[in-house]
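Heads up: the sequence lines are chains A and B, in that order. Under this note's numbering, the first residue of the first sequence carries the number 1, and numbering increases by one thereafter. Under this note's numbering, the first residue of the second sequence carries the number 1, and numbering increases by one thereafter.
Mixed in with the good hints, there may be bad ones.
Chain A is faced by these chain B residues, among others (derived, beta-carbon under 10 Å) [what the hints assert, rightly or not]: (1) Val4; (2) Ile47; (3) Phe88.
In silico PhoX-like pairs for lysine-lysine, Cα to Cα no more than 20 Å straight-line [what the hints assert, rightly or not]: (4) A/Lys42 - B/Lys103; (5) B/Lys70 - B/Lys103; (6) B/Lys59 - B/Lys36; (7) B/Lys36 - B/Lys56; (8) A/Lys66 - A/Lys55; (9) B/Lys51 - B/Lys70; (10) A/Lys42 - B/Lys36; (11) B/Lys36 - A/Lys97; (12) A/Lys66 - A/Lys20; (13) A/Lys55 - A/Lys97; (14) A/Lys66 - A/Lys14; (15) A/Lys41 - B/Lys103; (16) A/Lys41 - B/Lys36; (17) B/Lys103 - B/Lys36; (18) A/Lys55 - A/Lys20.
If you're looking for bench data, these hints aren't it; they were derived computationally from the structure. Ideal Cβ positions, reconstructed from N, Cα and C, are used throughout, including at glycine.
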Amino acid sequence: GAVVSQHPSRVICKSGTSVKIECRSLDFQATTMFWYRQFPKKSLMLMATSNEGSKATYEQGVEKDKFLINHASLTLSTLTVTSAHPEDSSFYICSAKTQDLGYTFGSGTRLTVV
Amino acid sequence: GQQVMQIPQYQHVQEGEDFTTYCNSSTTLSNIQWYKQRPGGHPVFLIQLVKSGEVKKQKRLTFQFGEAKKNSSLHITATQTTDVGTYFCAGPYQAGTALIFGKGTTLSVSS
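Bound-form chain B, shown alone (with noise of 0.2 Å):
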């Protein structure tokens, strides 16, 4: 069946160093989503991409689409302590209208 997979699980890295989560689909997306969650929370809307080759910047954040929209990345530079959580992507079901989610990146920064 369709999947999103993610990696790394896991990254730790020090205050100031960068990070990079990559995102890749069993099938072509419409569209990829990007969230957050911090420890104890519920996952808060990033950004959304959906252009083939499409690259968006939120501050230290890029998000990039891959050309064949199978593909994601999203990359930190100089990362903070505020940086701190999970952050997944998430495409469309191709069935329906509902998300499905990678496995997360938990992110954590040591200062």
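Bound-form chain A, shown alone (with noise of 0.2 Å):
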């Protein structure tokens, strides 16, 4: 089945520096890549829609200069956390719709800024 490839899984960096998280589509090509966060016990909160040679979207309330998109290729999004505060930590996963039904995900990136 399609594969959504996602790292690091986990990140410690220090507050005012950049990180930035892969997502690859191992065996598709993904236009679009859906970037969510996901707070303890929490749901998932879709931050942005990357997609393949363009700008990306941004929902309502996300920073698009904090949290940089870019989809270069068909296999790559990329989001970078630019400098990262505390309330920066939470959990980033990635998506994709496949030509099967529903969507896969990356395994996600633990982020903790300290």
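Build the complex from these two chains, which are given one at a time in their own frames, with help from the hints.
In structure tokens, the structure reads:
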């Protein structure tokens, strides 16, 4: 089945630094990738929709200058958390719609900003 | 704005008991999907329902899509400890192809 590989799975960074999260579709082309954020014991909140070759579409309240999304190829989308602060600590998950039913999710990245 | 509500938030059952989670959308959905997320894991696709009144079964799991295509349910018969996790319903945003998720129902099962 379709697989989305997400790296890193865990990252700890210092306040003020930037962190890049990668999502790759391994056996299919993902023209669109979705980025979600999940707080502990909470639901997934859509942050942005990433489209290959064009600018991402951000949801209301998500700072585009803080959460930089790049979708340079049909198999790779990246999310960069810039100038990270402790309140950015969260679980970030990417997702892509596959030809089969449903959406495939990456394994998630747990970001801790200290 | 568009919302997907899900109840209950938490449910604890004894192994062998049944379990049901309910999902209700503020808008009519073209389809509804169900996902399971194990503790520490990521959501895994379970099923998609498309037709009004549709019922689908996967072993001990029964999924229903309401006649008005605004509500859905997931019923697990004779729960097992392997059923532990959070079950999310999700439907497509009206404006695009992204999914809007319910808040999820976390199921715990004691043996």
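The hints, checked one at a time:
1. Of the supplied interface hints, the one on B/Val4 holds, with its beta-carbon coming within about 9 Å of a beta-carbon of chain A, less than 10 Å.
2. Hint on B/Ile47 holds. Least Cβ distance to chain A is approximately 8 Å, under the 10 Å limit.
3. For B/Phe88, the interface hint holds, the least distance from its beta-carbon to any beta-carbon of chain A being 7 Å, beneath 10 Å.
4. Proximity of A/Lys42 to B/Lys103 is assessed by CA-CA distance (about 6 Å); at most 20 Å being required, the pair is judged to hold.
5. Pair hint B/Lys70 plus B/Lys103 holds up; C-alpha atoms about 16 Å apart against a cutoff of 20 Å.
6. With a C-alpha separation of about 15 Å, the suggested pair B/Lys59 and B/Lys36 falls inside the 20 Å cut-off, and the hint holds.
7. Taken as a hint, the B/Lys36 and B/Lys56 pair is honoured in the structure, with Cα atoms around 16 Å apart against an allowance of 20 Å.
8. Straight-line distance between C-alpha atoms of A/Lys66 and A/Lys55 comes to about 14 Å, which keeps the hinted pair within the 20 Å bound.
9. A threshold of 20 Å between alpha carbons decides the hint, and for B/Lys51 with B/Lys70 the separation of about 11 Å falls inside it, so the pair holds.
10. As the CA atoms of A/Lys42 and B/Lys36 are separated by approximately 13 Å, the hinted pair is consistent with the 20 Å bound.
11. Simply put, B/Lys36 and A/Lys97 have alpha-carbon atoms about 17 Å apart, close enough for the 20 Å limit, and the pair holds.
12. Distance restraint check for A/Lys66 and A/Lys20: the Cα-Cα separation of roughly 12 Å lies within the 20 Å cut-off, and the hinted pair is therefore satisfied.
13. Restraint check for A/Lys55 and A/Lys97: satisfied, since their Cα atoms lie roughly 18 Å apart, inside the 20 Å limit.
14. For the suggested pair A/Lys66 and A/Lys14, the alpha carbons sit about 15 Å apart, so the restraint of at most 20 Å is met.
15. Restraint check for A/Lys41 and B/Lys103: the C-alpha separation of about 9 Å stays at or below 20 Å, so the hint holds.
16. Among the hinted pairs, A/Lys41 with B/Lys36 is consistent with the structure: their alpha-carbon atoms are about 13 Å apart, no more than 20 Å.
17. Our distance criterion of 20 Å between C-alpha atoms is met by B/Lys103 and B/Lys36, whose separation comes to about 12 Å.
18. Simply put, A/Lys55 and A/Lys20 have alpha-carbon atoms about 17 Å apart, close enough for the 20 Å limit, and the pair holds.
This entry satisfies every hint, going by the numbered hints stated previously.
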